[in-house]
Amino acid sequence: MEELFRISYPVAAADYSSAGKASADIKRRLKQLGVGGDVLRRVAVASYEVELNLVIHSEGGELCLTVFPGAVQLVSSDVGPGIPDLDMAMREGYSTANEEARSLGFGAGMGLPNMKRNSDEFDIKSKVGTGTTITMRFNLSA
Amino acid sequence: MQEKRRYHSVRLDKDRCKGCTNCLTHCPTAAIRVRGGRAHILDNLCIDCGECIRICEYHAKVAFTDVMANIKAYKYAIVLPAPSLYGQFRDMARPEYVLEALKRVGFDEVFEVARGADIVTRAIREKLREPNQPRPLISSACPTVVRLIQVRFPELIDHIVDIRQPMEVAASVARAEFCKKHHCSPSDVGCFFVTPCPAKMTAIRTPIGQKKSELDGAISMMELYGQLLPHINEMLNDPDFVPATGYGVAWATSNGEANAVCPDNSLSVDGISNVIRVLEEVENDKLSDLIYLEGNACIGGCVGGPLTFENSYVAKNTIRKMVRHMSPEHPDTAVPSSMLNKYPTKNDLPIEPNTAEKLDDNIVEAMRKMKQMNEIIQRLPGYDCGSCGSPTCAAFAEDIVRGYCTEMDCVHLLREKLKVMAEEMVELAQSRRE
Numbered sequence: 001m002e003e004l005f006r007i008s009y010p011v012a013a014a015d016y017s018s019a020g021k022a023s024a025d026i027k028r029r030l031k032q033l034g035v036g037g038d039v040l041r042r043v044a045v046a047s048y049e050v051e052l053n054l055v056i057h058s059e060g061g062e063l064c065l066t067v068f069p070g071a072v073q074l075v076s077s078d079v080g081p082g083i084p085d086l087d088m089a090m091r092e093g094y095s096t097a098n099e100e101a102r103s104l105g106f107g108a109g110m111g112l113p114n115m116k117r118n119s120d121e122f123d124i125k126s127k128v129g130t131g132t133t134i135t136m137r138f139n140l141s142a
Numbered sequence: 001m002q003e004k005r006r007y008h009s010v011r012l013d014k015d016r017c018k019g020c021t022n023c024l025t026h027c028p029t030a031a032i033r034v035r036g037g038r039a040h041i042l043d044n045l046c047i048d049c050g051e052c053i054r055i056c057e058y059h060a061k062v063a064f065t066d067v068m069a070n071i072k073a074y075k076y077a078i079v080l081p082a083p084s085l086y087g088q089f090r091d092m093a094r095p096e097y098v099l100e101a102l103k104r105v106g107f108d109e110v111f112e113v114a115r116g117a118d119i120v121t122r123a124i125r126e127k128l129r130e131p132n133q134p135r136p137l138i139s140s141a142c143p144t145v146v147r148l149i150q151v152r153f154p155e156l157i158d159h160i161v162d163i164r165q166p167m168e169v170a171a172s173v174a175r176a177e178f179c180k181k182h183h184c185s186p187s188d189v190g191c192f193f194v195t196p197c198p199a200k201m202t203a204i205r206t207p208i209g210q211k212k213s214e215l216d217g218a219i220s221m222m223e224l225y226g227q228l229l230p231h232i233n234e235m236l237n238d239p240d241f242v243p244a245t246g247y248g249v250a251w252a253t254s255n256g257e258a259n260a261v262c263p264d265n266s267l268s269v270d271g272i273s274n275v276i277r278v279l280e281e282v283e284n285d286k287l288s289d290l291i292y293l294e295g296n297a298c299i300g301g302c303v304g305g306p307l308t309f310e311n312s313y314v315a316k317n318t319i320r321k322m323v324r325h326m327s328p329e330h331p332d333t334a335v336p337s338s339m340l341n342k343y344p345t346k347n348d349l350p351i352e353p354n355t356a357e358k359l360d361d362n363i364v365e366a367m368r369k370m371k372q373m374n375e376i377i378q379r380l381p382g383y384d385c386g387s388c389g390s391p392t393c394a395a396f397a398e399d400i401v402r403g404y405c406t407e408m409d410c411v412h413l414l415r416e417k418l419k420v421m422a423e424e425m426v427e428l429a430q431s432r433r434e
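So the protein sequences, as listed, match chains A and B.
If you're matching positions, the first sequence starts at 1 in the numbering used here and goes up one per residue.
If you're matching positions, the second sequence starts at 1 in the numbering used here and goes up one per residue.
Note that these hints are calculated values from the structure, not bench results.
Each residue gets a CB set at the ideal place from its N, CA and C atoms; glycine is no exception.
It is possible that part of the hints are untrue.
The list that follows gives simulated cross-link-like pairs (lysine-lysine, PhoX-like), each with its CA atoms no further than 20 Å apart [said to hold, decoys possible]: (1) B:LYS342 with B:LYS180; (2) A:LYS21 with B:LYS286; (3) B:LYS286 with A:LYS116; (4) B:LYS180 with B:LYS75; (5) B:LYS181 with B:LYS342; (6) B:LYS127 with B:LYS342.
Away from chain B, derived, C-beta distances all over 10 Å, residues of chain A [unchecked claim]: (7) ALA12; (8) ASP15; (9) TYR16; (10) SER17; (11) SER18; (12) GLU62; (13) VAL75; (14) GLY82; (15) ILE83; (16) PRO84; (17) ASP85; (18) THR96; (19) THR130.
All chains, please: the whole structure from these sequences, using the hints.
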């Protein structure tokens, strides 16, 4: 499918003061493109969760929004540390968030499950020492 | 396609506008542009919050409201004061002093909007008992917040409670009771709201969620304040008068509504930028444990409205003290359930999203424009100085792709361009001499 628009946002590790800025911009742009309703709601939730995951768990990475004629795609890729046990990580309520993140109210262990629930296609690949890539697609209803 | 101009209470006084950028950068929906040496309000984006009225040093932003003479158009005139009016008078002990003063300046009858708030409180509480409500339900009382949701958070429209504003419910009751008592026709009676803000005036002229407002106009609190002052000395003496509860009066201040409607699990936010931040959280599904959200565009709630006279903190304190001495009865018992069936409390129209932020109706074309916008932004300095007349460099890029201006409207780009041209001229002159 021909890609029509792409923009990426660098996300720094542990930068809580900027957390949420990328997802806010993603929402704004989708609204300008005329993407609304249920899809926008789901992208909003998933993009916020994935951005926060980069801030809380990664050593830095980027979030990339691509818009196709029939779908919205979000790809988050980071440079580490990687997830040792993906099955465990996908479980509701399981979290490895540190004290700092927990003191800010994060770490409920709902991030990945929420991303999966809100996207139409969800894929996660991770290698310890290399990094994690999450790809989510949201279909635009015609 | 020519869209019909929307009515707005907030307008520009062209002669007073200096074309500065104060209002430009303070508008929460980026609805102002400075073109041709003066400000212009984009009427499809303006939500009548009145922030520009507060910020303009030259008083070039004004709110259009009804003048007192307009009440003469009706055989009888009922005045419906917002409870924030009570807070305008220092050490005001009871609403009845203000209500009597209102009658003395020329109104035939007075009906408290706080009583409308009592009825609305009950109606919302009934609504909260229905199953499968979105969480949180968002208050519909502040028309600026409702318009903000239409423009910037259209997917949250389903969260807005479909109950009318207190002033609307109050006007229905007031008119019906007056006509019954005085055996007159509803069209003989004009209902006028005493307003703390331009947004309510706009909501009367172009209602949201209602085909037609129950009110006939609104008079600015600021205008009425001076006229009422000399008459604040006696209490209303009317055997038929039914006072509002303290809960209804407390709607004048932030948290008053949330405390009446859902004290156990609600949140109240005041100030338009704070409301935007909290709505972002609702959008991210981070507040779905909340039952009710009260948002007020003005800091402190309606007592902080742009058309109020008294310092909002002082007014808030006046209301707080007044409420402490009022009946502690909750609207649940103070408002008879017959009221809810007898008068309309629900919206009769759906609330529609405002698509003014959309770049194009065609998504492919919209994406082409967005790509172009991004390329333009790369070339802009990113100072967000407003000299071009758009509030930010990003808004400027958007204005260019929408065809409202060109890149050379940016003074920084123009300077660069002139520098290059000057250098070329020098080179050309030198080459001619050789």
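Structure-based check of each hint:
1. Proposed proximity of LYS342 of chain B and LYS180 of chain B is supported: the alpha carbons are some 14 Å apart, at most 20 Å.
2. Distance restraint check for LYS21 of chain A and LYS286 of chain B: the Cα-Cα separation of roughly 15 Å lies within the 20 Å cut-off, and the hinted pair is therefore satisfied.
3. Proximity of LYS286 of chain B to LYS116 of chain A is assessed by CA-CA distance (about 17 Å); at most 20 Å being required, the pair is judged to hold.
4. Pair hint LYS180 of chain B plus LYS75 of chain B holds up; C-alpha atoms about 15 Å apart against a cutoff of 20 Å.
5. A hinted pair counts as satisfied when its Cα atoms are at most 20 Å apart, and LYS181 of chain B with LYS342 of chain B qualifies at roughly 16 Å.
6. Simply put, LYS127 of chain B and LYS342 of chain B have alpha-carbon atoms about 17 Å apart, close enough for the 20 Å limit, and the pair holds.
7. Every Cβ of chain B is farther than 10 Å from the Cβ of ALA12 of chain A; the closest lies at roughly 19 Å, confirming the non-interface assignment.
8. The non-interface label for ASP15 of chain A is consistent with chain B: the shortest C-beta to C-beta separation is roughly 18 Å, beyond 10 Å.
9. With a cut of 10 Å on Cβ distances, TYR16 of chain A stays outside the contact zone with chain B, its closest approach being about 15 Å.
10. Even its closest Cβ contact with chain B, about 14 Å, leaves SER17 of chain A beyond 10 Å, as expected for a residue assigned away from the interface.
11. Every CB of chain B lies more than 10 Å from the CB of SER18 of chain A, the least distance being 14 Å, so the non-interface label holds.
12. The beta carbon of GLU62 of chain A sits about 16 Å from the closest Cβ of chain B, which is more than 10 Å, so the claim that it is off the interface holds.
13. At the 10 Å boundary, the C-beta of VAL75 of chain A stays outside the reach of chain B, the nearest C-beta of that chain being 18 Å off.
14. No beta-carbon of chain B comes within 10 Å of the beta-carbon of GLY82 of chain A; the shortest separation is about 26 Å.
15. With 10 Å as the threshold on Cβ separation, the claim that ILE83 of chain A sits away from chain B holds: the shortest Cβ distance comes to roughly 23 Å.
16. For PRO84 of chain A, the shortest C-beta to C-beta distance to chain B comes to about 28 Å, beyond the 10 Å cut-off, and the non-interface label holds.
17. Look at ASP85 of chain A: its CB is around 26 Å from the nearest CB on chain B, clear of 10 Å, so calling it non-interface holds up.
18. Distance check for THR96 of chain A against chain B: the nearest CB is about 20 Å away, which clears 10 Å, and the non-interface claim stands.
19. The claim that THR130 of chain A lies off the interface holds: its Cβ sits roughly 29 Å from the closest Cβ of chain B, which is beyond the 10 Å cut-off.
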